[in-house]
Each structure stands twice: as structure tokens, then as C-alpha cells.
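Chemist: Protein sequences appear in the order of chains A and B.
Just so we're aligned, residue 1 is where the first sequence starts under the UniProt record's numbering, counting upward by one.
Just so we're aligned, residue 1 is where the second sequence starts under the UniProt record's numbering, counting upward by one.
Since the hints were made in silico from the structure, they are not lab data.
Check the hints yourself; a few may be wrong.
What the hints assert, rightly or not - Restricting the straight-line Cα-Cα distance to at most 25 angstroms, the calculated cross-link-like pairs of lysine to any residue (SDA-like) are:
{"id": "1", "chain 1": "A", "residue 1": "Lys216", "chain 2": "A", "residue 2": "Ala321"}
{"id": "2", "chain 1": "B", "residue 1": "Lys293", "chain 2": "A", "residue 2": "Ala321"}
{"id": "3", "chain 1": "B", "residue 1": "Lys216", "chain 2": "A", "residue 2": "Arg12"}
As the list claims (entries may be wrong) - Beta-carbon label-pair distances, calculated as ranges:
{"id": "4", "chain 1": "A", "residue 1": "Gly185", "chain 2": "B", "residue 2": "Arg424", "range": "50 to 56 angstroms"}
{"id": "5", "chain 1": "B", "residue 1": "Arg52", "chain 2": "A", "residue 2": "His385", "range": "45 to 51 angstroms"}
{"id": "6", "chain 1": "A", "residue 1": "Lys213", "chain 2": "B", "residue 2": "Arg52", "range": "49 to 55 angstroms"}
{"id": "7", "chain 1": "A", "residue 1": "Gly154", "chain 2": "B", "residue 2": "Asp347", "range": "28 to 34 angstroms"}
{"id": "8", "chain 1": "B", "residue 1": "Arg540", "chain 2": "A", "residue 2": "Pro29", "range": "42 to 48 angstroms"}
{"id": "9", "chain 1": "B", "residue 1": "Glu515", "chain 2": "A", "residue 2": "Pro187", "range": "32 to 38 angstroms"}
{"id": "10", "chain 1": "A", "residue 1": "Asn265", "chain 2": "B", "residue 2": "Lys16", "range": "48 to 54 angstroms"}
{"id": "11", "chain 1": "B", "residue 1": "Asp56", "chain 2": "A", "residue 2": "Lys213", "range": "49 to 55 angstroms"}
{"id": "12", "chain 1": "B", "residue 1": "Lys16", "chain 2": "A", "residue 2": "Glu50", "range": "52 to 58 angstroms"}
{"id": "13", "chain 1": "B", "residue 1": "Glu556", "chain 2": "A", "residue 2": "Pro29", "range": "27 to 33 angstroms"}
{"id": "14", "chain 1": "B", "residue 1": "Glu515", "chain 2": "A", "residue 2": "Tyr229", "range": "50 to 56 angstroms"}
{"id": "15", "chain 1": "B", "residue 1": "Ser386", "chain 2": "A", "residue 2": "Ala49", "range": "19 to 25 angstroms"}
{"id": "16", "chain 1": "A", "residue 1": "Arg193", "chain 2": "B", "residue 2": "Pro446", "range": "44 to 50 angstroms"}
{"id": "17", "chain 1": "B", "residue 1": "Glu158", "chain 2": "A", "residue 2": "Glu515", "range": "35 to 41 angstroms"}
Glycine residues also receive a C-beta, built at the ideal position from the N, C-alpha and C atoms.
Here are the chains, one letter per residue:
2 protein chains.
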Amino acid sequence: MTEVKSDIEIARAARKKPIQEIGGKLGIPAEHLLPYGHDKAKISAEFIAETRSRPDGKLILVTAINPTPAGEGKTTTTVGLGDGLNRIGKKAVICIREASLGPCFGVKGGAAGGGYAQVVPMEDINLHFTGDFHAITAAHNLLSALIDNHIYWGNELEIDTRRIVWRRVMDMNDRALREIVCSLGGPANGFPREAGFDITVASEVMAILCLSKDLKDLENRLGDIVVAYRRDKSPVFARDLKADGAMAVLLKDAMQPNLVQTLENNPALVHGGPFANIAHGCNSVVATTTALKLADYVVTEAGFGADLGAEKFFDIKCRKAGLKPAAAVIVATVRAMKMNGGVKKEDLGTEDIDAVRRGCANLGRHIENVKQFGVPAVVAINHFHSDTPAEIEAMKAFVATLGEEAIVCRHWAEGSSGIEELARKVAALAESGMSQFAPIYPDAMPLFDKVDTVVKRIYRGTEAIADKAIRDQLHAWEQAGYGHLPVCIAKTQYSFSTDPTLRGAPTGHVVPIREVRLSAGAGFVVAICGEIMTMPGLPRSPSSERIFLNERGYIEGLF
Amino acid sequence: MTEVKSDIEIARAARKKPIQEIGGKLGIPAEHLLPYGHDKAKISAEFIAETRSRPDGKLILVTAINPTPAGEGKTTTTVGLGDGLNRIGKKAVICIREASLGPCFGVKGGAAGGGYAQVVPMEDINLHFTGDFHAITAAHNLLSALIDNHIYWGNELEIDTRRIVWRRVMDMNDRALREIVCSLGGPANGFPREAGFDITVASEVMAILCLSKDLKDLENRLGDIVVAYRRDKSPVFARDLKADGAMAVLLKDAMQPNLVQTLENNPALVHGGPFANIAHGCNSVVATTTALKLADYVVTEAGFGADLGAEKFFDIKCRKAGLKPAAAVIVATVRAMKMNGGVKKEDLGTEDIDAVRRGCANLGRHIENVKQFGVPAVVAINHFHSDTPAEIEAMKAFVATLGEEAIVCRHWAEGSSGIEELARKVAALAESGMSQFAPIYPDAMPLFDKVDTVVKRIYRGTEAIADKAIRDQLHAWEQAGYGHLPVCIAKTQYSFSTDPTLRGAPTGHVVPIREVRLSAGAGFVVAICGEIMTMPGLPRSPSSERIFLNERGYIEGLF
Numbered sequence: 001m002t003e004v005k006s007d008i009e010i011a012r013a014a015r016k017k018p019i020q021e022i023g024g025k026l027g028i029p030a031e032h033l034l035p036y037g038h039d040k041a042k043i044s045a046e047f048i049a050e051t052r053s054r055p056d057g058k059l060i061l062v063t064a065i066n067p068t069p070a071g072e073g074k075t076t077t078t079v080g081l082g083d084g085l086n087r088i089g090k091k092a093v094i095c096i097r098e099a100s101l102g103p104c105f106g107v108k109g110g111a112a113g114g115g116y117a118q119v120v121p122m123e124d125i126n127l128h129f130t131g132d133f134h135a136i137t138a139a140h141n142l143l144s145a146l147i148d149n150h151i152y153w154g155n156e157l158e159i160d161t162r163r164i165v166w167r168r169v170m171d172m173n174d175r176a177l178r179e180i181v182c183s184l185g186g187p188a189n190g191f192p193r194e195a196g197f198d199i200t201v202a203s204e205v206m207a208i209l210c211l212s213k214d215l216k217d218l219e220n221r222l223g224d225i226v227v228a229y230r231r232d233k234s235p236v237f238a239r240d241l242k243a244d245g246a247m248a249v250l251l252k253d254a255m256q257p258n259l260v261q262t263l264e265n266n267p268a269l270v271h272g273g274p275f276a277n278i279a280h281g282c283n284s285v286v287a288t289t290t291a292l293k294l295a296d297y298v299v300t301e302a303g304f305g306a307d308l309g310a311e312k313f314f315d316i317k318c319r320k321a322g323l324k325p326a327a328a329v330i331v332a333t334v335r336a337m338k339m340n341g342g343v344k345k346e347d348l349g350t351e352d353i354d355a356v357r358r359g360c361a362n363l364g365r366h367i368e369n370v371k372q373f374g375v376p377a378v379v380a381i382n383h384f385h386s387d388t389p390a391e392i393e394a395m396k397a398f399v400a401t402l403g404e405e406a407i408v409c410r411h412w413a414e415g416s417s418g419i420e421e422l423a424r425k426v427a428a429l430a431e432s433g434m435s436q437f438a439p440i441y442p443d444a445m446p447l448f449d450k451v452d453t454v455v456k457r458i459y460r461g462t463e464a465i466a467d468k469a470i471r472d473q474l475h476a477w478e479q480a481g482y483g484h485l486p487v488c489i490a491k492t493q494y495s496f497s498t499d500p501t502l503r504g505a506p507t508g509h510v511v512p513i514r515e516v517r518l519s520a521g522a523g524f525v526v527a528i529c530g531e532i533m534t535m536p537g538l539p540r541s542p543s544s545e546r547i548f549l550n551e552r553g554y555i556e557g558l559f
Numbered sequence: 001m002t003e004v005k006s007d008i009e010i011a012r013a014a015r016k017k018p019i020q021e022i023g024g025k026l027g028i029p030a031e032h033l034l035p036y037g038h039d040k041a042k043i044s045a046e047f048i049a050e051t052r053s054r055p056d057g058k059l060i061l062v063t064a065i066n067p068t069p070a071g072e073g074k075t076t077t078t079v080g081l082g083d084g085l086n087r088i089g090k091k092a093v094i095c096i097r098e099a100s101l102g103p104c105f106g107v108k109g110g111a112a113g114g115g116y117a118q119v120v121p122m123e124d125i126n127l128h129f130t131g132d133f134h135a136i137t138a139a140h141n142l143l144s145a146l147i148d149n150h151i152y153w154g155n156e157l158e159i160d161t162r163r164i165v166w167r168r169v170m171d172m173n174d175r176a177l178r179e180i181v182c183s184l185g186g187p188a189n190g191f192p193r194e195a196g197f198d199i200t201v202a203s204e205v206m207a208i209l210c211l212s213k214d215l216k217d218l219e220n221r222l223g224d225i226v227v228a229y230r231r232d233k234s235p236v237f238a239r240d241l242k243a244d245g246a247m248a249v250l251l252k253d254a255m256q257p258n259l260v261q262t263l264e265n266n267p268a269l270v271h272g273g274p275f276a277n278i279a280h281g282c283n284s285v286v287a288t289t290t291a292l293k294l295a296d297y298v299v300t301e302a303g304f305g306a307d308l309g310a311e312k313f314f315d316i317k318c319r320k321a322g323l324k325p326a327a328a329v330i331v332a333t334v335r336a337m338k339m340n341g342g343v344k345k346e347d348l349g350t351e352d353i354d355a356v357r358r359g360c361a362n363l364g365r366h367i368e369n370v371k372q373f374g375v376p377a378v379v380a381i382n383h384f385h386s387d388t389p390a391e392i393e394a395m396k397a398f399v400a401t402l403g404e405e406a407i408v409c410r411h412w413a414e415g416s417s418g419i420e421e422l423a424r425k426v427a428a429l430a431e432s433g434m435s436q437f438a439p440i441y442p443d444a445m446p447l448f449d450k451v452d453t454v455v456k457r458i459y460r461g462t463e464a465i466a467d468k469a470i471r472d473q474l475h476a477w478e479q480a481g482y483g484h485l486p487v488c489i490a491k492t493q494y495s496f497s498t499d500p501t502l503r504g505a506p507t508g509h510v511v512p513i514r515e516v517r518l519s520a521g522a523g524f525v526v527a528i529c530g531e532i533m534t535m536p537g538l539p540r541s542p543s544s545e546r547i548f549l550n551e552r553g554y555i556e557g558l559f
């Protein structure tokens, strides 16, 4: 390759089709597409309701090895595979998450794929898009305001101001808001108390929106949110503050999935984007279930590596939404294998077949894990210019020892023509009827045992451990009727263990549960294992300093 | 009238036309309308640039007496007059402000007109609309985050953390956020300091967006924002934090005016909505100047009564944007005259001609004031069912003594057919060439004298007074090159004085300047006279408790 164009150059050169034409490919009439500009649209709730009785297409999950600084290209592969399936004559749509606004101004990097496998309009997708995240922020903060307002006017519900668990949110990286004292300044401003902000993607409202079947389900779940406890530790719900109705009104439009297109003019639903640590990290159930009614193949992705992302996709999203994934793709790169094999980032350009072989232990474990859920898997080697034939061969040989196949994909450089082989393999797997999907633990298992099961079977640790206070809290929630919920484990994405520097396939580690949280509206219990940041900060030189409108009015520096 | 429909019933029964058809009435090609659903669109910046060389239509200001709890119906009259002008064969467009989201959940009441004089879709306009306010919130808070981030990483600019004047904003009524301490929780979260939130409409970014000619002007003004001072009191600008480029990127779409329609399918631009106390309270300059290129008549409104709204419209918006208003309409009601004449709200149903006559003193002063700016005026009596013929006659007779005309308008109940007479009068005034518009003070006047001029000539007080510290601050800004700016006076909207209970036409009052603020980006100096709340609270029983989606998915309780 003599000339490499940047992502933004490629995206700008895209020949986008009117969004009505893209919707037409999925059989959506123009009156049921609510346009946002000429290249984005929401699919109307009415149309979605009409499709409910149709048969489902095949659901394909794209997941990955543990992320390394080398980058694995999961979204890029998701987009590429969608284009590849369309190229080989299949009716396919991709479902991915929306991007969070805040991080755009911190560290360079968009969330719309890359190279010749992107969704467009990428500037919009990375900025305000159709306003969904702003709606979530508003709904979340309305509830926050109603809590303090209730206390201000007499606190009839007897909320213990020391036990308010509902914080505020902002779609911004702002460490100064992590811990605050609010309601200062005298009686007119309320009762001073400790409070704080999370980033919007960490809001339980985001998780709720992404797990709700429809508006009615959404409103019920919003009402179920536990916002605080009384002195007797009984919960106070959003419903008690009569907040659920107004929150649902604020989220009415946001519940409708967003349609955009790939560079190759294939349809893509981009909807929802919960954190992948304290939440489940998948695009919305509404988008996925709608896509399954509109296409024969739906390609979706899950956050982080398969230990976190795929596990939550299977055990939370698929379990709760009744989804049956037909096949999984595990994305890996030669570079990431080398880093897992001990090579430093600056040495990645040098061929090192032994390091590749050592690093494959990480990949191998993810393959085994996905198969534990009964889902057939194939490995996608996302090709980089610097990969050598011998390195690729080493990866393929390793995967073959597990009885599986690894396929080199060049969608980044070549678009769909570079990913045809993977597309054919995925279609064959999906059509084979091999998938016998089941979650890895039953609903009826006690909450602690659910965490312990994931630790042992997925993370391959010795056991989960927790203080008595945490075990007591889990028991209390079981007594209160939350025992049937799945668990959502928040731990580092960089390792199977809780030590981010432990690459490869570590064993013998214990996983300590530091804290547990109840997301009663979303419908899961969060087990926090390690330091999890729910409000990021900005770096010393934030990328916002280099973002501007150029002379032609185009956005520079965003990607 | 035997049956009175509610605003929401009327709005829901509206037969909306596709927004492209509405745009077509103004000669906007479909490709230059960026749709948001089927009934809202932004007008592209490219198209706006193309219209720059066209001649301007006539600009009509709708203003009002001092507001009373009886309601005067300024927006309703603005919408009605636009429809009325179209009805009598004129090509007219209205320009009004966008609604703030936060207050919707506090006290019932939308901002899209009423009765048969409304803009639609009213639910959208009162909620997220096209996301402009969310974009302003994000741009504002990005700057806030960059300030604390700069301090966190070493504070190279030597910002005095006690002198940070840039707060954060949220589009929510949340008194708990008025005064906070942020950056608590240890070294990772920064340096603790006092901070706080205003509501988004009070953001200087809102005022800047509404006063900027184009994106370049916007970016320059964003850079000019003073965010803090050093220990030597020298200012630190947003430009010093390299925030202006990214903020402009966030506001790129929000700068494009929004097109919707009235119930009678006439075009309406709804764009921007700055506070009318600490800011100038008018819709955007871009919307108004664009409308003037597309129609023969542009009907717009200003916030609060004419003492605040019209004065700022003339002295800030028109002065800075080079606008020449051709005529003004002063909205008054029989009910409001009675309240100004001393009648209590519960007694408004009883005829009281003497009270009407007494209350007319308030109206008379506003008529005189508007004429001081050289703009011909007519009084619109916004008709209520309970008004008696004798009361209306008393109002008309009073206005006639000032050599002007008062015209009864029934647009609320009858739509455009009820406001034909006013439309004909306004058209005649505008075409008469009578307007000799000039601001009431020159740019070169010292800042304090500007306030004093408004106090004496508009508020009819004895004088403006201020402590030495405030006068020194004004001198310091004059020395720093800000002396040419207009002043933006924040005082109660209920009285010509600073005492909200002093209705009618008080005299002899002094106006104390309690505080001054520099809005260097927006381009005015704020003089705060009295208690001004920039972050409202919610009432004991907020209207959010009664807002929900009904069985048909329609929004209930919002209006």
C-alpha cells in the first residue's frame, strides 16, 4: 500500500445514499423513518410493533481477546463482516453502540469503525448524533433533582440523606464532579450532603434503555430504580417520587433505534451504549430484536474482551431478551498476540513467532469460553500491514489445534472484498444449526455463586471472595426478591484476573468482590472487583485542544 | 363559546404539512432543510450564506406590559400576528425562542403559544426539540471541565481558584446544584473549591449563540469568554485553554435555525432562548437575519415586559446585529390592566372599569418607551372571554389619548381571522417608513452612565446607584477595552422598579446595582439590580409527577 488515507478522509469521501434508500433495503417505509438530517433516521416505534410477529434472522456476536494497546479492531470487524455478508448476497444489518461524547474530547479516537469499514456520518455519530445520550442525561438528572426537591419540601418518604445511591450524570470527562458536596449556601438551597456525578454511559438509565423491550417496559423499569434507603434500610424507588412517567416521556424518542449506513451503503443500527464494566456493554435490545425482524443476519458486538463483553452479552442481554446467538466471531490480531506474549509496544514491528505462540494462550481461552455457552466460534485475524506470513501461520496453526478456524480479514484496507472468506464461514456456522446457546448459570443460583461461577469457568480463577458485609448484602437482596437477577461483574478489561498487567492466560488468581450495587431497574446486581472509574478525567493535553472547524467548515481533530 | 379545547387537544388535532412544504413557502430547497422527523428542520448554513445579499423584509417586534399572574399572551400574539399577516396576503414568518427543558417539569406551562395560535409540534418544542440546548450545555461544561483539568495538571496559566467565574450548567431546575464544593475525594479528583451550576438558558454560551452572525463569529466570541482571573486580577480567556475550537464544533448544528409551522401551516423559526435577565432574552440573530431574507415581514418577540425585553432587543440585539425594526406591537390584556390597577387575581372576573383605567398607566409608559427608540407602536388587546365591552372601550380610549391605537385581537379563540385588523395596522405602520430606530444610548457612553440612562429614561427612576467597588469594576473594564459594550440589566420583570410588588407606573425609585458581570463573549456587561435566580428550584408538587405517556403513547401533563 503506497498511500494510506486517514479514517476521516475515507469517511468524508463516502458516497452516502439517502437514509430512506437505506431503510428501503430493510423494507422500512419512508413514513416510518424519522429523519435526522439526510443520513440518519430513527425507526418508528409503530413500525417496530408491526414487525413483532415476523420470524427472526440469525444473530452473530463479534467479540475479542483482552484488549491491548495494540488495538484489536472489534467494531471495524463488526462493520466489515456486515458489509461482507451483504457482499456475498446475504441480507445483513449491523447493530453497534453509540459513542459517548465526553471521551471524544479527552483522547483521540472515534467509535464508528475504521479504514474502509466504517459507519457514517462519523462526525455526527461521535458527537450529538440523534440526541439519545442527552435524553438519558436529562432523564437521569430529573430523578436526581426530584430526590433533593423531595427532601427540601419536608422529606415525607423519610429518605436517609446519607444513603442516597442515585448520583447525577454528565456526558463529559470531568473529574472535579466525582465527589462533591451539594445544597450549600443556606436554607433556600436545601440540606447539604455528599453527592457526585458519573459519566452518562454509566447511568442505570442507559442500561435500562438498552434492556427494555418497549416504552411500557422502560417505564416499569424506571419505576423500579432504587434511589435511596431509609434509616431502617428499606428502599425508596423512583416510583415513590412519581418520576417514572416524566422520565419515560424524556426517553420516548431515544427508545427508537437509529439507522445509518456503512461506507458500502449497508444498513447499520447504532443505538445505546452502556458502560461495559458496571453495566452490560451492549447496544439496545430494541435495536437487536428489530434488526432480527428486518434482516437474515444481524452482526452485533459486545464491549471489551470476551471474558467481560461476551459473558454479559450471553448471561444478561441474551438471557433477558430471549436471544439465541447463532455464531460468534473472536477478533484477534498478530500484534495483540505478541503483546500477550510479552513484546513491548515499540517492538511490535519486528517479527516474533514465539511471542505470537505464547500470546495465543489468551485467544485460546476466549475460544473455549465462547464454546462453553454452546455457541460455535470462528477467529478473525484483523490484518495489519506489519503482520508477517509466518506470524499469521502460527496463529492459524494454534487455532487449528483447538479444532477451530482462524481467517485473515483485510476489511480495514479493502472493505468487504477483504472479508469475504470470514463472511462465508460465519454464514455456514449460523446456518449449521450447531448453536445450543445457554447462559452459564441458572437464574435460581444464589447471587454470590453466580459470581463464583463466572470467576471459575470464565476467568479461570480459584474462587470469588468477599467480606461478610458484602455477602450479607447479597443475601439481603435475595430476601428482597432480587436473587433471580444475573450478575454484572466490573473488573479490569485487560486481564482474566483483576490485575491489569497479567496478560496471557493466568491461573490461580482469586477475585475479590470489593463492592456490590443493585441495579434494580436494569435488572442485574453489579459486583465490583477492583478499581472502577465511573467518571473519567481528561489528560494533560486533551484532544479538545486540537478539535476545530476548518476553513471549509469541516470538523478537524475529532478522530 | 360552548366548548373550549385545551392547547394540547388543539395541537394534536393540527393538520401539519411536511416541513419541506413549509420550507418551500420560503423558497428553501429540500436539500437545504436538515429534517428532524417530518415536522422540524434546520436551515443549512450553506443556504443561509447564499441569501446574504438579498434585501431585508420588515422587522416587527412584539413586546408587552409588565407581566402579571393574569398572563398577557405575548408568544400567542406573536404567532397569531404571523398567521394574520399571511392571511391578509403578506409573506410573513415568525421568530421565537426555544423552550427550556428544566422548567417544564416544575410548573405547568409550555412556550409554543396557545389556543389557535400555536407552533407545532408543541411536545417536541417543549422537550428536546432539535437538541440545541443540549449542545449548549455540552459546550459550556466542556469549558468548565477544561478549567479544572488545567488546574489539576499544574495550572500553567496561574488561575486563581478563588476567582473562577465560569460555572457549570444543567437544563434542569435543581436548587441543590446552585452552590457546591467540587473536586473532593483526594488528589486524583483535583483541588477542592467552591463552584455551582446555573440553568442552561443562563449560560453565556446561549447568549453568544444568539448574538453570533455565523460560525466564525461564534468561535471568536467563545474564545473571548473570561473564565477566571489570576491573583493579579488579569483575565484568563477560554482561548487560553484552547477550548474555543471544540466548543464551536459542538455548536455547529445548533447554530442553524429551526423551522417549524404554526397551526395554520405558516413558517416559524424557533431558535435560541437566552435568559431575559442576565442575558438579552431574544431568539437568535441568525434566525432573525435569515428570516428577513426569506420573507417580507418578520414577527419576533422579546422577553418579559418592554422595560426589560424591548430595551434589550433594541439596545443589544438590534444595535449589535444592525437590525432596523419597522414597528412594534405592545400586548396588553384587560385582566392585566385590572391587576395593575389593584385588583386581586380572584376578582378578575368582575367588571371594574376604574381599575382598568388605573392600570393603563403601566401600558402608557411602555408605549412612550417604545416610541423613544423611534419605533412606531400599536397596542394589541389580547382578548379574554371575561372582558366586558366597557373595559375594552376604556383601554382603547386611554391609548387614544396617547395618539395611538389599541386593537382587540381574538387569535387565541379564532386563529388568524381574529387578528386581521392588527395585521393590517402593523403592515401599514411597517410600510409607512415612520421608523427612525436608534438605541437609547451611544456605544461611547461610560458603562455606569448607560445603566443610569436606562434607569432614568425607561424605568423612570431617580437614578442608578452603586458602591465604589462596583463603579471601580466598571472603570476597570472600561480601561480593559470593554467600555463600548452595551449594558444588560437584570431586575425584576414585574415592575419598572426593583420592587416586584410595585405595579402600575411607579416614580421616584432608585435602582441599586448589586453586582456587575462581564459577558465578554456575548458582548455586554450585566448589571444585577435585585435578587436574580440563575438556577430555579422545583415546587413542592412538581408537574413532573403528572407527566406520563398515555395508553396511545401520547404525552400527557406537559402543558
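Chemist: Indicate, hint by hint, whether the structure satisfies it.
Modeler: Hint-by-hint comparison with the structure:
no.: 1; hint: A:Lys216 with A:Ala321; result: holds (15 angstroms)
no.: 2; hint: B:Lys293 with A:Ala321; result: violated (53 angstroms)
no.: 3; hint: B:Lys216 with A:Arg12; result: holds (22 angstroms)
no.: 4; hint: A:Gly185 with B:Arg424: 50 to 56 angstroms; result: holds (53 angstroms)
no.: 5; hint: B:Arg52 with A:His385: 45 to 51 angstroms; result: holds (48 angstroms)
no.: 6; hint: A:Lys213 with B:Arg52: 49 to 55 angstroms; result: holds (50 angstroms)
no.: 7; hint: A:Gly154 with B:Asp347: 28 to 34 angstroms; result: holds (32 angstroms)
no.: 8; hint: B:Arg540 with A:Pro29: 42 to 48 angstroms; result: holds (47 angstroms)
no.: 9; hint: B:Glu515 with A:Pro187: 32 to 38 angstroms; result: violated (21 angstroms)
no.: 10; hint: A:Asn265 with B:Lys16: 48 to 54 angstroms; result: violated (31 angstroms)
no.: 11; hint: B:Asp56 with A:Lys213: 49 to 55 angstroms; result: holds (53 angstroms)
no.: 12; hint: B:Lys16 with A:Glu50: 52 to 58 angstroms; result: violated (22 angstroms)
no.: 13; hint: B:Glu556 with A:Pro29: 27 to 33 angstroms; result: holds (28 angstroms)
no.: 14; hint: B:Glu515 with A:Tyr229: 50 to 56 angstroms; result: violated (41 angstroms)
no.: 15; hint: B:Ser386 with A:Ala49: 19 to 25 angstroms; result: violated (46 angstroms)
no.: 16; hint: A:Arg193 with B:Pro446: 44 to 50 angstroms; result: holds (46 angstroms)
no.: 17; hint: B:Glu158 with A:Glu515: 35 to 41 angstroms; result: holds (39 angstroms)
The structure shown violates the earlier hints numbered 2, 9, 10, 12, 14 and 15.
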